[in-house]
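So the protein lines, in turn, are chains E and C.
Per this note's numbering, the first sequence starts with residue 1, numbered consecutively.
Per this note's numbering, the second sequence starts with residue 1, numbered consecutively.
Worth flagging that the hints you see were computed from the coordinates, not collected in a lab.
Quick caveat: nothing in here was measured; it's all calculated off a predicted structure.
One thing to keep in mind: the hints can contain errors.
Because identical chains share one entry, a pair is satisfied inside a single copy or across any pair of copies.
Derived DSBU-like pairs: lysine-lysine, alpha-carbon spacing no greater than 35 Å straight-line [as the list claims (entries may be wrong)]:
1) Lys292 with Lys72
2) Lys92 with Lys296
3) Lys296 with Lys140
4) Lys252 with Lys92
5) Lys298 with Lys141
6) Lys171 with Lys16
7) Lys249 with Lys141
8) Lys292 with Lys97
9) Lys292 with Lys92
Number of protein chains: 2
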Amino acid sequence: MEGPYPSKQVIEEAAKRIAPFVHHTPVLSSSSINTLHGMDLFFKCENFQKIGAFKYRGATNAVLSLSNEEKKNGVATHSSGNHAQAVALAAKINNIKAYIVMPETSSSVKINAVRGYGAEVILCAPNQQAREGTVDEIIKKTGATLIHPYNNYSIIAGQATAAKELIEEIKNLDIIMTPVGGGGLLSGSALSAHYFSPQTTVIAGEPANADDAYRSLQKGEIVPENPPSTIADGLLTSLGDKTFDIIKKHVKEIVTVSEEEIIAAMRLVWERMKIIIEPSSAVPLAAAIKSKERFKGKRIGIIISGGNVDLSKLPF
Amino acid sequence: MEGPYPSKQVIEEAAKRIAPFVHHTPVLSSSSINTLHGMDLFFKCENFQKIGAFKYRGATNAVLSLSNEEKKNGVATHSSGNHAQAVALAAKINNIKAYIVMPETSSSVKINAVRGYGAEVILCAPNQQAREGTVDEIIKKTGATLIHPYNNYSIIAGQATAAKELIEEIKNLDIIMTPVGGGGLLSGSALSAHYFSPQTTVIAGEPANADDAYRSLQKGEIVPENPPSTIADGLLTSLGDKTFDIIKKHVKEIVTVSEEEIIAAMRLVWERMKIIIEPSSAVPLAAAIKSKERFKGKRIGIIISGGNVDLSKLPF
Chain E
1 MEGPYPSKQV IEEAAKRIAP FVHHTPVLSS SSINTLHGMD LFFKCENFQK IGAFKYRGAT
61 NAVLSLSNEE KKNGVATHSS GNHAQAVALA AKINNIKAYI VMPETSSSVK INAVRGYGAE
121 VILCAPNQQA REGTVDEIIK KTGATLIHPY NNYSIIAGQA TAAKELIEEI KNLDIIMTPV
181 GGGGLLSGSA LSAHYFSPQT TVIAGEPANA DDAYRSLQKG EIVPENPPST IADGLLTSLG
241 DKTFDIIKKH VKEIVTVSEE EIIAAMRLVW ERMKIIIEPS SAVPLAAAIK SKERFKGKRI
301 GIIISGGNVD LSKLPF
Chain C
1 MEGPYPSKQV IEEAAKRIAP FVHHTPVLSS SSINTLHGMD LFFKCENFQK IGAFKYRGAT
61 NAVLSLSNEE KKNGVATHSS GNHAQAVALA AKINNIKAYI VMPETSSSVK INAVRGYGAE
121 VILCAPNQQA REGTVDEIIK KTGATLIHPY NNYSIIAGQA TAAKELIEEI KNLDIIMTPV
181 GGGGLLSGSA LSAHYFSPQT TVIAGEPANA DDAYRSLQKG EIVPENPPST IADGLLTSLG
241 DKTFDIIKKH VKEIVTVSEE EIIAAMRLVW ERMKIIIEPS SAVPLAAAIK SKERFKGKRI
301 GIIISGGNVD LSKLPF
């Protein structure tokens, strides 16, 4: 069952619960990128997390929070990629069955990785309705517990632990930036900043070609995603009511960026830092670079959400 | 002027001399690669070194060892890439002039990086003769000191410090592996193992398409490189007499690998470890994988020589 609203204590407990299972990822800096753009950037490298993305934090917290009764029937979810691998591995480690619904357009690297963790993969049409419908059917048939990729308090509390670690390691951050897709990482990071570093502002980056979160925050209510078209394939989903409520309260601003800006930021990190980040992870850096006049001299933590890319389909 | 033969004390002094200027790079492991191939691999990540390669160690040691008189006339060298950047940056930091001869086939990324460090770049035909001839001319004209990319004891002592750090951090290594091109990294690593961890065997990986070191070691004398044709563009050069003498004495074996094996090893590191390594760096890993039956269960340190790749020309 899903846990309670992520209070300070709930996030602290999630951090303790998942600590034996997740990597405490490093925070890296690049003096050449800092000099180039006039900001002090601190990259929390969740691309080095297990399964190559922060999603393993939320999935681990959600799976470990299940009752024994629930564990018997397994877990189910839908995901375009990283959450799928995260749930599959978290389930495998706990010896429970996982049913993963993936859009048939997912990269073969991601589908194979999920199967490699022993999960059952069910492919569906690449839209929200087909994904949710297929998961509902599976749950009816198997009694599995749904682990929603983001609109779930146990997931949000798990994702919050990345920003919590960043705050503990790097003092006096002016800003924390994350990408926003469904809003799990953003809402969790915003709560961690609120509880553990209240003077830090939280700002998201979002692809202009998938800007539902930007428009939702402007309008004050959830605006559904237009058919998104972005290289940042982790950010195709729409906000949920739980993530949006937190984002409305605790996120100051969403900065939208073009595809060209995303690719340039991704390339900058690959070339200067020699680490592999996926396009979604380049979105908050692109947003910081776009805002560099305003952000001049600021200490900015950026959560690098993941490093799972299909090397056969690079944008360079 | 070039320093003395790299004794234990000379390497210890080089380590102290360059310590304030170079990164103490991390040693990373990948449980998934270890499981996949049945070895315990420890990667010394010189791709995170300044200028993105171990070459900065040797260049820094050579530049810092110059007399004040020599510093006035500047330094000159020829290099297909990383050594060029290394000498350029080491010279810049010491406020001395650098003349860098580069083959006209060098990647634009590398040429621009060298110019970015304020060095004067002189392009020449892509062969050893043209490179050496052009450098000779420059030295005659300017009085600059030659910093040979590998056949130079100050360079060898500097490169030796990477293996020294690896040995200090990871105890009881059975094997240390490096790539071999001109032999600077290999000879330095072999000396560090000999002095600081004599029970550790040193083995090199070399592209079969540029196997002069393999053939030289077989024959007991330097065999010139056939026109090399390999993606491992850091390994196109031939051994020098100084590096060969050390390699003959202290290197047990050279394992040659195909282009396909190099690309597969490179891709494995990119996908599983989320770090960017250049093709030359994948050569010792490819050699370890090729030898995995023999190396089963061994503790193997691999020096990841660099991470400078032209992202527009990837082999995936």
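Should Lys92 paired with Lys296 be assigned to within, between, both, or neither, using CA atoms and 35 Å as the limit? between (45 Å within a copy, 27 Å between copies)
Within, between, both or neither, where Lys292 and Lys72 count as close if Cα-Cα is 35 Å or less: neither (51 Å within a copy, 40 Å between copies)
From the Cα coordinates, with 35 Å as the cut-off, is the pair Lys292 and Lys97 best called within, between, both, or neither? between (47 Å within a copy, 34 Å between copies)
Cα distance capped at 35 Å. Does Lys171 pair with Lys16 within a copy, between copies, both, or neither? Answer is both; intra-copy 21 Å and inter-copy 31 Å each pass.
If the cut is 35 Å between Cα atoms, do Lys298 and Lys141 qualify within a copy, between copies, both or neither? neither (52 Å within a copy, 48 Å between copies)
For Lys252 vs Lys92, is the C-alpha pair at or below 35 Å within one copy, between two copies, both, or neither? neither (38 Å within a copy, 43 Å between copies)
Given identical chains, is Lys292 near Lys92, meaning Cα to Cα at most 35 Å, within a copy, between copies, both, or neither? Result: close only across copies, 28 Å inter versus 43 Å intra.
State whether the alpha carbon distance between Lys249 and Lys141 is at most 35 Å within one copy, between copies, both, or neither. Classified as neither; 38 Å inside a copy, 69 Å across copies.
My question is about Lys296 and Lys140: at a cut-off of 35 Å on alpha-carbon distance, are they close within one copy, between copies, both, or neither? Close neither inside one copy (53 Å) nor across copies (47 Å); limit 35 Å.
When the structure is compared with the earlier hints, violations turn up for hints 1, 3, 4, 5, 7 and for no others.
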